[in-house]
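K.L.:
Please take these sequences and the hints and turn them into a complete structure.
Quick mapping for you: the protein sequence lines, in order, are chains A and B. Under numbering that gives the first Met the number 0, residue 480 is the last one in the first sequence; the count climbs by one each step, no gaps. Under numbering that gives the first Met the number 0, residue 480 is the last one in the second sequence; the count climbs by one each step, no gaps.
Watch out, some of these pointers could steer you wrong.
As the list makes no split between identical chains, a pair holds if one copy fits it or if it spans any two.
Claimed, not checked - With a cut-off of at most 16 Å between alpha-carbon atoms, the simulated EDC-like pairs for lysine to aspartate or glutamate come out as follows:
| id | residue 1 | residue 2 |
| --- | --- | --- |
| 1 | Lys207 | Asp8 |
| 2 | Lys258 | Asp311 |
| 3 | Lys258 | Asp355 |
| 4 | Lys67 | Glu81 |
| 5 | Lys199 | Asp62 |
| 6 | Lys258 | Asp198 |
No lab work stands behind these hints: they were computed from the structure. Model, not experiment: these values are computed from the prediction.
2 protein chains.
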Amino acid sequence: MSETKVQPDSPGGFRDYLPRQMQVRQKMLAKIREVFERFGFDPLETPATEYFDVLTGGDPDFDMVLYKTRRSNGRVTSGQRETALRFDLTVPLARVIAAHQELPRPFKRYQCGSVWRGEKPQVGRYREFMQFDADTVGTFSMVADAEIVWLMCETMRSLGVDRFRVRFNNRKLSNGLPAYAGFPEESIGDVLRVLDKLDKIGIDEVVKQLTAPLRTESTGEEMKTQPAEDESDDGEDAAPAEAVEYGFGLSPQVTARIKEFLEITGTTDEILAQADVMANGIPIMEEGLTELREIVAYLRAVGVPDGFWGVDLTVTRGLAYYTGPVFEMVLTDLPNIGSVFSGGRYDNLVSRFMPDSIPATGASIGVDRLFAALEQLGTVVSTPTLVQALVTVMDPTLMNAYLSMVRDLREAGVRTAIYFGQEMAFKAQMAFATSQEIPVVVICGTREMVDGTVQVRDMRARTQTAVPRASLVERVRSLLS
Amino acid sequence: MSETKVQPDSPGGFRDYLPRQMQVRQKMLAKIREVFERFGFDPLETPATEYFDVLTGGDPDFDMVLYKTRRSNGRVTSGQRETALRFDLTVPLARVIAAHQELPRPFKRYQCGSVWRGEKPQVGRYREFMQFDADTVGTFSMVADAEIVWLMCETMRSLGVDRFRVRFNNRKLSNGLPAYAGFPEESIGDVLRVLDKLDKIGIDEVVKQLTAPLRTESTGEEMKTQPAEDESDDGEDAAPAEAVEYGFGLSPQVTARIKEFLEITGTTDEILAQADVMANGIPIMEEGLTELREIVAYLRAVGVPDGFWGVDLTVTRGLAYYTGPVFEMVLTDLPNIGSVFSGGRYDNLVSRFMPDSIPATGASIGVDRLFAALEQLGTVVSTPTLVQALVTVMDPTLMNAYLSMVRDLREAGVRTAIYFGQEMAFKAQMAFATSQEIPVVVICGTREMVDGTVQVRDMRARTQTAVPRASLVERVRSLLS
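P.N.:
Next comes the structure, spelled out in structure tokens:
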């Protein structure tokens, strides 16, 4: 081993989860998993690494920054299929559907796993983050979409959150905007990208961006990540590209129509009624409204309280592959944290890989963002360790007796550790238990050994009782219960 | 989306886990986790990506094939710190210990996660595979090592396996071999690499390799992976490097001494007694034997049955970083599958990152290999889905009624799906339930709706009963219990 020390840090945008965070994270994931399974979704896992063209769909304009992977002994051969880390769990699902024709249709799966994106890290935005997805593949039925909204609501309730709202819309309404407002079909992608920022920048800025004169050099550029000026991984770079403004040169009349549509408010029923009037004669919009009405009816049939969901015509969702209903959840008490759980219907994604068009709908939890939200809401309580009982070592020659106590406690299901720090002073052992917030400490010196007793200390109540050795397990369990 | 279809396959050595495998894998992982937590290990997670020098320790001779990662928009800058996917969970743990000085000492953690190695894939050997590790950092106490052996035994028992054996040895005995057998200290690494293959190639071949004339061009080359001749990812390449022989030019006398030591057999107590005679006067070997005796005493104190473990002087473990006791588990009924759970003490690894030498010991489960073993042993039973009840759709106009049944079942904790295949014929719905092995099917047509009843079909017993709608949940739960 070399004498020069290696810096023990992680690349920028990557981080460790220490036990204090991990234990609450695991509890959260277990609850989500329980709900997803109860809703009939089955587990799936896919590799971290995919072929690059699988991820991008071979789209030369694909503009997300990915992590390419290459073997350290590998030579680059021309025409070789490159590989990269996955950036979401939806594209791998589409590949799985095409690759494993033996899977049932419809196929309901959940997947929890890390994804990787190379964008510059910012506060709360990492390059490795976890997603937890549920998707139904192989049905056009709006029951599947309603079930996703229902699932989103039920998941939040199981996590102890009841101040949230799932807002949903339909891409078919957005896709009708060119016909409705009178602008060219080919601008819809750019317009949606601006509308997607409505929450952040407000309606006035949206109108401004839509009507500003067309920039000749490019359009839609604002969604691209800035070309990396440097490869530094320090995570300290500032200046995201979003502040840069680009115009689309839409006329004031067109923009006014769009604005009018976006400003439809009221209850879900009122919104649907008003939108219906406006959409009159535009088939794609009428279809979108019919689907929304169907989802609303199903949600009412299963009794998901009205307060948890609602139609919102401003919801767009950034991803290009959505084709129908789109969903996003916001937390009432943390409006600025953005959406923690979102998704939509994507009926064309699988056709990237096979001739058949296979419909699909689903939603994805941003696990790290949701976890940060739960922490802010104060619904998670964590301790440094999961250990429930510590057996101290008063006299190293009695080690075998201590180990038999550890064994008895573990066999009774108590998460138990024996002290093996280097500092053997009693004070040091108690300090260890205190700092680790271990609720029960077992103490046995030579005198207790002779008596056939053990001292059991309740660290929370700061009380200590001597019990017969044979009652150790019973006593510890009663303190923990 | 382009008209040319993308091939929906995965890079060679990577694979999907479909629901049938995932559900049993998850059960296995949950059991392991329960045992590890009961033994006082806390959860930790580290990033998939680490700095390359963190993984290699800056060792220019590091010869494992790793996956380097690079952002797709990144330029290569000279002197830039490269990144790669982790190849195990132990090196990241050592980094965590150095990076997070606030962690307690000793620190007991478990970690479950994927690791990546670029070697050519073979049958049963993948480039992405999962490890499940438990390690104790910060104590020289042999109690920690004994606890690892105990943990290995308890884990297997919780998985329903009782025909296994944890064999253990001490690197300190191996490190005494130069003094004991009379060969240069600097050859020990090469000699250990040959001894590590003993199980595979047999003692005669080991002797042959040790005594064959020294190859002048290099030594120890046989452990290196062949330079990749091509970058093909088809996973079909054959010819691993292991068949190539290299000599070390040890004299027959030296080799005979090594052989004599390796051939010590008998019960653990007999082996320790014989080795004690041979190690007489070689301090490092005497120290190693003292440690082994201590571990044996602790295992007996906690009552781990003798049949589950034993000292075996042929156990070497390939990894260079071990410094003390080394452990490996073999399955009695599957001797050829190799070790599924192994580890050892590594007191110098953390010093790669910091001036202090921090002792550590632990073991790692090869999850995929263990899972394959459990499948071969017939201890895992899997079904295509976790869904317990399917609500069929007899009449789409009754959808709201069906959804309310789904809701009631889910609220009662039954994993429930509603049928939304495209083929609505009753036969198709039943065929779906049959192929998915869903145990209970709920059927309700117009007549039942009028009657206020539901048909509940037990798919395993092939019986069907009409029950009042209000008794649906009770009936389904009784069939499932």
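K.L.:
Quick one: Lys207 to Asp8, C-alpha cut-off 16 Å, is that within a copy, between copies, both, or neither?
P.N.:
Result: close neither inside a copy nor across copies, 44 Å intra and 45 Å inter.
K.L.:
Measure nothing new, just compare the shortest in-copy and cross-copy C-alpha distances for Lys258 and Asp355 to 16 Å and report within, between, both or neither.
P.N.:
This pair counts as neither: shortest intra-copy Cα distance 37 Å, inter-copy 65 Å.
K.L.:
With identical chains, the pair Lys67 and Glu81 could be close in the same copy or across copies; at 16 Å between alpha carbons, which is it: within, between, both, or neither?
P.N.:
both (7 Å within a copy, 13 Å between copies)
K.L.:
Measure nothing new, just compare the shortest in-copy and cross-copy C-alpha distances for Lys258 and Asp311 to 16 Å and report within, between, both or neither.
P.N.:
within (14 Å within a copy, 78 Å between copies)
K.L.:
First find the shortest C-alpha distance between Lys199 and Asp62 inside one copy, then the shortest across copies, and answer within, between, both or neither for a cut-off of 16 Å.
P.N.:
Neither: 21 Å inside a copy, 50 Å across copies.
K.L.:
Is it within, between, both, or neither for Lys258 and Asp198, if the alpha carbons may be no more than 16 Å apart?
P.N.:
within (14 Å within a copy, 75 Å between copies)
The structure shown violates the earlier hints numbered 1, 3 and 5.
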